[in-house]
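Chemist: Taking the hints into account, I'd like the entire structure generated from these sequences.
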Amino acid sequence: MMRLAKALDGRRVIRLKGGLQVRLHNVAGGCVLLLAVLALTLLSLSVGFTQTGLGDLLAGMLGGKLEGDEAFALWIVRMPRILLGFMAGWLVAITGGMLQSLARNPLADPGLFGLSQGSMVMIMLVLVFLPSVPLAYLPLAAMAGGLGVALVLIWLVGGEQSSGLAILLMGIALETVLSAITSILVLYTPDETSYALSSWLAGSLFQANWSGILALLPWFLLSFPAVLVLGRALKVFDLGNEMAMALGEPLKMSRPALLFVAVLLSSASVTAVGPLSFLGVMAPHLATFLSPASGRAKLILSGLMGGALVVAADVVSRGLASDLSLPIGLSLTLVGVPLFIVSLRLRALRLALGD
Amino acid sequence: MTGKALALCVILLGSLGAFIANLSSGATSIPLDAVFAAFFAFDAENYDHYVILYQRLPRALMAIHAGALMACGGVVLQGLTRNPLASPSTLGINSGAAFFVVAGAYVFDLGTEAQGLAAMAGAAFGFICVLSVARLAGGDKDPRGLSLILSGALVSMLLIGLANAFLLSDPARRSDFLGWVTGNINHVYFDRLVFFWPLGVLALAGLFFLARPLTLLTLGEEKAASVGVSVRRVPRLALLCVVIGSGSAVAICGPVGFVGLVVPHVVRPLVGVNMRFALPAAALFGACACLLADILARQAFAPYVLHTGILLDLIGGTVFAVIVKRFYLSPGGQTA
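Note that the protein sequences, when read in sequence, are chains D and Z.
The first sequence: position 113 = 113 (the numbering used here), numbered continuously.
Position in the second sequence (from 1) plus 355 gives the number in the numbering used here.
These are computed hints drawn from the structure, not numbers from a lab.
Model, not experiment: these values are computed from the prediction.
Some hints here could point you the wrong way.
Incomplete in silico selection of chain D near chain Z, CB under 7 angstroms [stated by the list, open to error]:
no., residue
1, Leu156
2, Leu165
3, Leu169
4, Met170
5, Ala173
6, Thr176
7, Leu326
8, Thr333
9, Leu334
10, Val337
11, Ile341
12, Leu344
13, Arg345
14, Ala348
Yeah, the Cβ is synthetic: ideal placement off N, Cα and C, and Gly gets one too.
Modeler: See below:
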């Protein structure tokens, strides 16, 4: 059924019956991350103004009666934030991992490439000019926006040879234009929606609730088959176009498919919590640092790391800075920029060694 | 030579026209003769005269100050770094100044004058941060200076993020700074202009004074050194002037973005790279651009009044994309 073996490169793998093999190291990494997510969840449940925690939650589930305040804190405030944060972080991190293989650029990120901003602009346009459209269609608008930006970016960047940094600069230029457009649109919305929008624009979990979770859940579930089906293609993309074709990968099919799925997942998370910039770069890099992987394993590890990072950022912003109400997108940026600079440095070192 | 002088004259006339148009247009359009009458025969009873002298003139002067200083900063930075994307807004100068002003006001309760000094210090801090991050990221080996601009963008994001964190910590005072931090030209900041304009003029004068050695420096360090330019002192003095100038502009109306990036690219084909022409032309054109952007911001979405900074971001981001496309992504891309 399942046995321990050695792969061709001498590393230990777990080989499943169907011929699927997973590196032991990656399994261990995944377990560590899962444990971290669980620990963070427990911590997150007990951090906050009301004194309560897991004990109360379990007691409540087992039929005990919860006090009003505690039930409110656990079920209405903390649980939704944790779940929504984890799902959004998972989606953004997976998108980042996909884009990085797709663009063969270790610095690719849905936020930095302007995809999240594109989704936001479309959502804002719908909210401002077509207020009668039901909220359920917003993810579609977000997708159209993200896809539009992705196509514009591909059109602007053109050839395959362009350097990764130039693509990144182009993404930042697009992001500037789009965020100026969102600022203009914020002016057009009435005051009460404008305030809610501006916290969403900064990326936040303040408005997390169960209906938001239900809206995001299908996309979250969709990401699993996407990872399993498309993850294999990522492994060969990393080797370059010629090599991928030589290995029998139908590039004409799988590249657009991958881009489409990446935009889909990123738009879903933007609709739910707003843009989480830098997470798409940060999570895959940290995951690789924990356990080097490629293909499906890389995506799954990145996703877990992304979820853990968002839950952790939420704990920090609620626990340490409770009077400061820092939107989670902002705290991710504050942590993300230094890490991004470190990875630029590592890239430069690698290039120097390569020369 | 005459062509350049002609171009300068045209730009001068254009900015004068923009100045007058800026004064006469607004929520109520004031006829030109009333605009002139407000200056030469001020009538305290006349509401139009009052609006022009106390609301529109301060605004226009602020636009001129910010535009001229940012544009000259852009010309000098693009010349010194030989990078078509260099400007006070892309190299962290603006965001550094904005962060220091917000942090100073929140943490140390600085008054208006001290905020100006904080802006200068912040401008220098942001610029130094960008330079060191670029070096860390391997900028030395990158001939086209991409990593310099990338580190500029990253440091700006970080500093603006920190400024936003301060803003969020105190909702009551947030509204004081919210408009300012997106770059807003508004007559409510006139008292700041009164404090800081001498610094801006000083910086401009310093740059004009350095025009000849700066031109020689853009031809190459060896050539400049061979005609007796101090290749160490001149760039430092010039950068100091840029930092002081941009700092004073940011202290007045917030990080007004991208004028410094766009204007040099417009001015260079018209008057060439000689700083003696490029600097005055850039100053005038920058002022003109800010005045026009201010008109547009007030009129385009009436009755809503946009922040001029948002509009400039919109225009500047587009130009940024065009420049990246032209210099970095076209086959055999040009060099600045």
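Chemist: Indicate, hint by hint, whether the structure satisfies it.
Modeler: Hint check results:
The criterion of a C-beta within 7 angstroms of any C-beta in chain Z is met by Leu156(D), whose closest approach is roughly 6 angstroms, and the hint holds. Restraint check, Leu165(D) versus chain Z: the minimum CB separation of about 4 angstroms is within 7 angstroms; hint holds. A least Cβ separation of about 5 angstroms between Leu169(D) and chain Z falls short of the 7 angstroms threshold, and the interface hint therefore holds. With its C-beta approaching chain Z no nearer than about 5 angstroms, Met170(D) sits inside the 7 angstroms limit, and its interface hint holds.
A least Cβ separation of about 4 angstroms between Ala173(D) and chain Z falls short of the 7 angstroms threshold, and the interface hint therefore holds. Taking 7 angstroms as the C-beta cut-off, the interface hint given for Thr176(D) holds, the closest approach to chain Z being about 3 angstroms. Interface restraint check: Leu326(D) against chain Z, minimum CB-CB distance 6 angstroms, threshold 7 angstroms, status holds. Using the Cβ-Cβ criterion of 7 angstroms, the hint placing Thr333(D) at the interface with chain Z is satisfied: the shortest such distance is roughly 4 angstroms.
Taken as an interface hint, Leu334(D) checks out: its beta carbon lies about 5 angstroms from the nearest beta carbon of chain Z, inside 7 angstroms. For Val337(D), the shortest C-beta to C-beta distance to chain Z is roughly 4 angstroms, which falls under 7 angstroms, so the interface hint holds. Given the 7 angstroms rule on beta carbons, the hint for Ile341(D) holds: about 6 angstroms separates it from the nearest Cβ of chain Z. With a cut of 7 angstroms, the hint placing Leu344(D) at the interface with chain Z holds, because the nearest CB-to-CB distance is about 4 angstroms.
Taking 7 angstroms as the C-beta cut-off, the interface hint given for Arg345(D) holds, the closest approach to chain Z being about 5 angstroms. The beta carbon of Ala348(D) is positioned within 7 angstroms of a beta carbon in chain Z (closest approach about 3 angstroms), and the interface hint is therefore held.
Every hint from the earlier list agrees with this structure, and none is contradicted.
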